[in-house]
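Counting in the working numbering, the sequence shown runs from 5 upward without gaps.
It cannot be assumed that every hint is accurate.
Pairwise CB distance ranges (calculated) [to be verified]:
(1) LEU369 / GLY111: 31 to 37 Å
(2) ALA263 / LYS50: 29 to 35 Å
(3) LYS240 / LEU418: 48 to 54 Å
(4) GLU42 / GLU314: 33 to 39 Å
(5) MET281 / ASP103: 46 to 52 Å
(6) PHE33 / ALA422: 48 to 54 Å
(7) HIS229 / SER15: 46 to 52 Å
(8) PRO102 / LEU369: 22 to 28 Å
(9) LYS12 / PRO102: 24 to 30 Å
(10) PRO425 / GLU187: 33 to 39 Å
(11) CYS71 / ILE378: 31 to 37 Å
(12) GLY172 / LYS259: 29 to 35 Å
(13) ILE268 / GLU187: 38 to 44 Å
(14) ASP260 / LYS116: 28 to 34 Å
Derived DSS-like pairs: lysine-lysine, alpha-carbon spacing no greater than 27 Å straight-line [to be verified]:
(15) LYS12 / LYS107
(16) LYS296 / LYS259
(17) LYS168 / LYS191
(18) LYS296 / LYS107
(19) LYS318 / LYS416
(20) LYS191 / LYS157
(21) LYS75 / LYS12
(22) LYS116 / LYS318
(23) LYS259 / LYS289
(24) LYS258 / LYS138
(25) LYS289 / LYS223
(26) LYS354 / LYS116
(27) LYS289 / LYS204
(28) LYS289 / LYS416
(29) LYS68 / LYS12
(30) LYS107 / LYS50
(31) LYS240 / LYS258
(32) LYS223 / LYS364
(33) LYS416 / LYS452
(34) LYS318 / LYS68
(35) LYS258 / LYS220
By construction, these hints were calculated from the structure, which means they are not laboratory data. Where is the CB? At the ideal position from N, CA and C, for every residue including glycine.
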Amino acid sequence: MALITLEKLQSLAPDPVSQERAKQCAAPFRWQLLEGTERVLWGEYKTPANPFYTAVDLDGPGFKCSCPSRKFPCKHALGLALMIFIRPDAFRFGHTMPDDVEKWIQGRDKRKSGILKTSEPSEVLPEPIPEPKKAREWTWDLLVSASRLDEMKQGALELETWLKDLLGRGLAGAESLNRDNWEFISKRMVDAKLGSIGRKMRILASQTGSDNWHEKVLKDISLWHLTAGGLLNFEKLDISTQLDILQFAGANVKKDLLAEEPGITDNWQILGVTQTMEENLTARKTWLYGFKSEQYAMVLDFAFGSQPFEVVYKAGSSMEATVVFYPGTNNFRAIVSGRESVLEDILPVKGFDSMEAFQKHYASLISNNPWTGIIPFGISEAFPVEIDKQWHLSDKNGQSLPMRVEGLAGWKLLSIGAGQPFTIFGEWDGEQILPLAAWQDEVYFELKSE
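Let the sequences and hints guide you as you build the complete structure.
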C-alpha cells in the first residue's frame, strides 16, 4: 500500500521530540476522520476547538496540515502517515478526495512535471488566476531611518579618522595596538549603528598574532575604508550600492517586507547546515539550491541562549518551497516564505568545470559588489589533495584551492572519492573552501568537521 518506507518516514521527523509525538498522534481515537486512496491519506485531528485538517501524499512524500506548528512536517502529518504502517485498518479507502486535497495533489503533480497543461475546452469558466506579486522598488529608507543614517555617517567619519591614524602606524603598529584600543573603537562603531564592523573589529583583536593576521586585517581595512567613503558620499551612490553598504554595515531588512515580495518557487535542495556561536547567540546558515532555477540561496537564522530554532532544515533532503532573496547586488541571503513538502534525497549541484572558471565568477561578483562576503562554491570532477600538510581541492586540470577542514574531515573526503573525481559544494570566503556536501555516483554525503 505505502509508497514510502517506514524508515524513510521516520527520518523525515525534524527532531526526536517530533518523532515521539508523531507516534502519539498515530492513534485512531485521536482522529474523527481517516480516509484515503492508494496514494493519498487525509484526516481530521480532534482538538478542543476546530479539528486540524491533515493530508499526506505518499508519493514523494508531501505533507499538509492546518495546525499552526512551525515544524515541518508537523506531528499530525507524520502521525497520519505512520498509521498506514501500524493501523491500516483504521482508514476507509476508496473515497473521493476533498476538493482542497485534490487541488493540492494536482498542484504537486504540476510542479513535479514542470509543465502546466492547458485544460480541455469546457463550458465551465476557469477560476481567475491571481495577479502575481510585483517586485518592490527598494530604497534605503526601507532599511534605516534618516536619523539612523545620520548616526552611521557620523560613525563613518570617526572610522575614517581612526583608519588614517592606524595606517600611519603601519600594519606592524596595528598589530601592536592593545586590546583596549580595539575594544574602544569597536564599541564606538556599535554605538554608531555600524554593528557588523564593530563585531569584526572585536574578532580581529582576538586573533592578533595568528597566522596571516596582516593579510586579514588589510582586507578588512580596505572594506572599512570603502564603507566609510560610501556613507560619507551616500547621496551620490546608486540604489543598489546604497543597499549593499547598509547591509554590510549592519542594517537589517524586515522579514515582513520580504514576505510580500515575489519569490522563486522550486524544488529547493538543502545542501548543508552550519552553526556558529558568539556569546549567547547561535547563528545558523542553511544553503539551498534550486533544482530548476539553478540558483543558490542562504537562509540565516538566529537563536538566543538555549532556545531552539523555529524551523528545522535537514541536510540531504529537499523541499517544495518559495524562496525570496534580500535586495542588493549578488545577495545570496534569502528567506523561505512558504514550504509545502519534504522530498526525497537530493541530486548533485551543477558545479563549475574548473577552478579557473570559478575564480573568474568570483572576480565578477567582487567587481559588481566589493562587499560580497561568503559565496557558494560548487565544482564537478574534483578531488582532495594534501599539499604541505594543508588540504586542497583540485580540479581535473590540476589547479587547486585551499580547504578549511578539521580533524578527519580531509580524510573523509579522500575516502568518498576513492581515487575518483566527484562533485563538491561548500562556502568560499575569498581565501579557503569550507566543504559542506559531496556526491559520488549521485549519492549525497554531508560533510562536517570531526
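A quick look at each hint next to the structure:
Distance hint for LEU369 and GLY111: a CB-CB separation of about 35 Å, consistent with the stated range 31 to 37 Å. Hint check: ALA263 to LYS50, Cβ distance near 32 Å, so the stated range 29 to 35 Å holds. One distance hint, 48 to 54 Å for the beta-carbon pair LYS240 and LEU418, holds here, with the actual separation near 52 Å. Take GLU42 and GLU314: their Cβ atoms lie about 35 Å apart, and the range 33 to 39 Å holds.
The given range of 46 to 52 Å is respected by MET281 and ASP103, whose C-beta atoms sit roughly 47 Å from each other. For PHE33 paired with ALA422, a C-beta distance near 52 Å keeps the hint of 48 to 54 Å intact. Judged by the Cβ atoms, the range 46 to 52 Å given for HIS229 and SER15 holds: they are separated by roughly 50 Å. Checked against the hint of 22 to 28 Å, the C-beta distance between PRO102 and LEU369 comes to roughly 48 Å, which is inconsistent with it.
Separated by about 26 Å at the C-beta atoms, LYS12 and PRO102 satisfy the suggested range of 24 to 30 Å. PRO425 and GLU187 have their C-beta atoms about 48 Å apart, which leaves the hinted 33 to 39 Å range violated. Remark: the range hint 31 to 37 Å for CYS71 to ILE378 is upheld by a beta-carbon distance near 36 Å. For GLY172 and LYS259, the Cβ-Cβ distance of about 43 Å falls outside the hinted range of 29 to 35 Å, so the restraint is violated.
Between ILE268 and GLU187 the CB atoms are about 43 Å apart, so this pair conforms to the stated range of 38 to 44 Å. A beta carbon spacing of about 31 Å between ASP260 and LYS116 agrees with the range 28 to 34 Å that was offered as a hint. A distance of roughly 26 Å separates the Cα atoms of LYS12 and LYS107; the hinted pair therefore holds under the 27 Å criterion. Distance check on the hinted pair: LYS296 and LYS259 sit about 25 Å apart at the alpha-carbon level, within 27 Å; holds.
A C-alpha spacing of about 18 Å is found between LYS168 and LYS191, which places the hinted pair at or below 27 Å, so the restraint holds. For the given pair, LYS296 sits about 22 Å from LYS107 by alpha-carbon distance, which is consistent with the 27 Å threshold. Restraint check for LYS318 and LYS416: satisfied, since their Cα atoms lie roughly 21 Å apart, inside the 27 Å limit. For the hint pairing LYS191 with LYS157, the CA-to-CA distance comes to about 16 Å; that is within 27 Å, so the pair holds.
A distance of roughly 18 Å separates the Cα atoms of LYS75 and LYS12; the hinted pair therefore holds under the 27 Å criterion. Taken as a hint, the LYS116 and LYS318 pair is honoured in the structure, with Cα atoms around 21 Å apart against an allowance of 27 Å. Pair hint LYS259 plus LYS289 holds up; C-alpha atoms about 16 Å apart against a cutoff of 27 Å. Distance check on the hinted pair: LYS258 and LYS138 sit about 18 Å apart at the alpha-carbon level, within 27 Å; holds.
The hinted pair formed by LYS289 and LYS223 meets the criterion: a straight-line CA distance of about 23 Å does not exceed 27 Å. With a C-alpha separation of about 19 Å, the suggested pairing of LYS354 with LYS116 holds against the 27 Å cut-off. Proximity of LYS289 to LYS204 is assessed by CA-CA distance (about 18 Å); at most 27 Å being required, the pair is judged to hold. Between the alpha carbons of LYS289 and LYS416 the distance comes to roughly 22 Å, so the proposed pair stays at or under 27 Å and holds.
At most 27 Å may separate the alpha-carbon atoms for a hinted pair to count; LYS68 and LYS12 meet this at roughly 18 Å. At most 27 Å may separate the alpha-carbon atoms for a hinted pair to count; LYS107 and LYS50 meet this at roughly 23 Å. Under the criterion of a C-alpha separation no larger than 27 Å, the hint pairing LYS240 with LYS258 is consistent with the structure, at around 25 Å. Taken as a hint, the LYS223 and LYS364 pair is honoured in the structure, with Cα atoms around 19 Å apart against an allowance of 27 Å.
The suggested pairing of LYS416 with LYS452 holds, with an alpha-carbon distance near 9 Å, which does not exceed 27 Å. For the hint pairing LYS318 with LYS68, the CA-to-CA distance comes to about 18 Å; that is within 27 Å, so the pair holds. Using a Cα cut-off of 27 Å, the hinted pair LYS258 and LYS220 is violated, with the two alpha carbons roughly 31 Å apart.
Going down the numbered hints, you'll see the structure goes against 8, 10, 12, 35, while the others check out.
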